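Asks: Go by the hints and put chain D with the ligand onto chain P.
Residue numbers (my numbering), protein chains in the order written: chain P, 1 to 311; chain D, 1001 to 1319.
What the hints contain is simulated information worked out from the structure, not anything from laboratory work.
Remember, predicted model here, so these are calculated numbers, not experimental data.
There may be inaccurate statements among the hints.
The list that follows gives simulated cross-link-like pairs (lysine-lysine, DSSO-like), each with its CA atoms no further than 30 angstroms apart [said to hold, decoys possible]:
1. P:Lys203 to P:Lys120
2. D:Lys1221 to D:Lys1060
3. P:Lys276 to D:Lys1019
4. P:Lys276 to D:Lys1003
5. P:Lys166 to D:Lys1090
6. D:Lys1019 to D:Lys1204
7. D:Lys1093 to P:Lys120
8. D:Lys1299 to P:Lys20
9. D:Lys1183 to P:Lys173
10. D:Lys1183 to D:Lys1031
11. P:Lys173 to D:Lys1299
12. P:Lys166 to D:Lys1183
13. P:Lys272 to D:Lys1090
14. D:Lys1019 to P:Lys166
15. D:Lys1221 to D:Lys1062
16. P:Lys276 to D:Lys1093
17. D:Lys1221 to D:Lys1031
18. P:Lys173 to D:Lys1221
19. P:Lys68 to P:Lys203
20. D:Lys1299 to D:Lys1284
21. D:Lys1090 to D:Lys1019
22. P:Lys251 to D:Lys1090
23. P:Lys20 to D:Lys1278
24. D:Lys1222 to D:Lys1204
25. D:Lys1299 to D:Lys1090
26. D:Lys1284 to D:Lys1090
27. D:Lys1093 to P:Lys20
28. P:Lys173 to D:Lys1090
29. P:Lys276 to D:Lys1183
30. D:Lys1299 to P:Lys251
31. D:Lys1031 to D:Lys1062
32. P:Lys251 to P:Lys272
33. D:Lys1299 to P:Lys120
34. D:Lys1150 to P:Lys173
So you can see what is in the structure, the chains are spelled out below.
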Amino acid sequence: MFAEDIYTLSLPYREDMAIKGYRFGKGEQSACIVGPMRGNGVQQMYICAKLVKALKELEAKGCICSGKEIMVIPVVNSYSMNIGMRFFGVEAADISRQFPGREWGDTAERIAAAVFNRIKDYSFGIQLTSFHTAGDSVPHIRMIENGYQNASLANLFGLPFVVVRKPRPIDTKTLNYNWQNRKTAAFSLYTNSNEAVDEESAKQSEAAILRFLTRMGMIRYESHSGYISHVLTQEDLTDVNTMCGGIFRRKARVGHEVRYGDAMAEIIDPYKGNAKETILAPTDGIVFFAHSESLIAEGDVAYQLVHRLHE
Amino acid sequence: MVKTVFSIGLSTGENLVIKKNRLEGEGLQGKGRRVAIVSGIHGDELEGQYVCYEVIRRVKEKPEYLEGILDVYPALNPIGITVADRMIPKLEKDLNRMFPGSGQGAAFERAAAAIIQDLEGASLCIDVHASSRFVKEIPQVRICEEFADKLIPYARHMNVDMVWTNATETVHESTLAHSMNVKGVPTLVVEMGLGMRINRSYGKQVVDGIFSLLYEMGIWKKEPHGIQYPVLSTDGEVEFIRAECSGMFIPAIEHSHFVKRGDKIGEIITPIEGRTEKEIIAGKDGLVFTLREYPMVSKGALLARILTDIRPKRTREEE
Ligand SMILES: [Zn+2]
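With the rest of the complex left out, here is chain P:
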């Protein structure tokens, strides 16, 4: 294992922020795994840290395939991680929306540029992404459809779902989009937690990444076969929005099946305690995403259902 500093930023009255990369094996730049760019991606950082540990052990046993090099960047934004902020710096920049970055731009753009310049030539890119909206989801791989995406490679992670999404203007600033534009096969891995470590899903994500690296011939590792992934588009997902705000009492659980008309949740009047609304399943489906906070506003997405599976 080689550790390198990818970028170092000095700040008044704080120690330098160093973005660290850990390299395993020698040879072509095969896979790069990147951790959180927002300060709340604790679960994502934990998964990366577990990967560093696992890859170090595999390397010691000679299980990194020859001619292959793998890099892990456990955390990009330790600045925010240490102080419980989500975004970077006094100007609260979202580093995850600064790619490909600009070497002579503002601070966050320079960070993005330094990271991107270092990792842009890897054949495979895996980013551990946190949800913008607080909620739980079935672990899945997400890809942006821009002509270079390869959903069949995403199946090799062996997670239950792969979502292929059309890019919105704002996506052009993400790492995933810019990786794909430069012909890196890029995947975003979503797990069901951000701020708190969830051991079970961390284990599942770590296993999925090691499985992928094994199947792509980069490591030798005994992995279980995982799931046969279903590839979804945004159209296969149905949003279930609330009709009113209040206290959200969740019944339907992520990963479970619901039938049309099933009671999925109740919204409780925060003053009087009665149920203001019972949220009914608008279709048969599998719960893909569930709002996780106790309060909810009118119109919020309480759930997302997979209403259609392609065979």
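Replies: Leaving out everything else, chain D with the ligand in the frame of chain P:
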């Protein structure tokens, strides 16, 4: 008359409400040409609060001059304003990256769609922003090149110091202005001053400009005086000056001044060492139209922007 444009329930006994004030010329009954002034998309930008107030105050003072409809929306991100948050609180999303929105989406997707729907059919829209909390700006109109030919004739009458084409290479497509311009409603973005502050003289300058433009459009009957024409960024070149080290920035010049090549703009200091880290020197002659106000900087932070090679300003009377 104050009207509700959009309302949606929050969790605990409160609705989020977006309002506008409709001012209407005598006997129009909703039929005349309409101009919309919107502000407060970013909750920490308050310069537009004075602009909205002053526009409404002047119309109320002389309602007989109004020959059309004026819709004024002071607070598109109302809860952001109450907590000085640029973003939509809790969601931590930029409302000005959510347009045109969607009628079926989450709360603010719907709000964005409702705002667009309400603005549709207007003859002109003016979106008033302030700068961030970090840098101070002269009154300016920002437009993207795609719509420049259509917008510059309007922007010229706005009494601003400058029209900046392609100001930033941010994601233009999801802004309110871009959505409206695509829909054929000419929309100007005004930037001025500083975040979390109100500069009365900048506000007054822009309000004079709004009435001057309304006069040109035949919506306001009183002829304005002393309106200045802006310099166009395309006449010169915009030079960005950024911090090349971290520390505290102490400006050596006033905002909105002309500098000569070699003039000192300021310095970055390290207080605990009592040391100057770097002197910031102008590389070209020009107008310092952006100057950093918030002293703490990290490497890359914007310190100043200079518009180089510009002609002196002219007023309408001189032309
Ligand atoms: Zn703004």
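Asks: Please flag the earlier hints that this structure goes against, numbers listed from lowest up.
Replies: As far as the earlier hints go, 14, 18, 26, 29 and 30 are violated by this structure, in ascending order.
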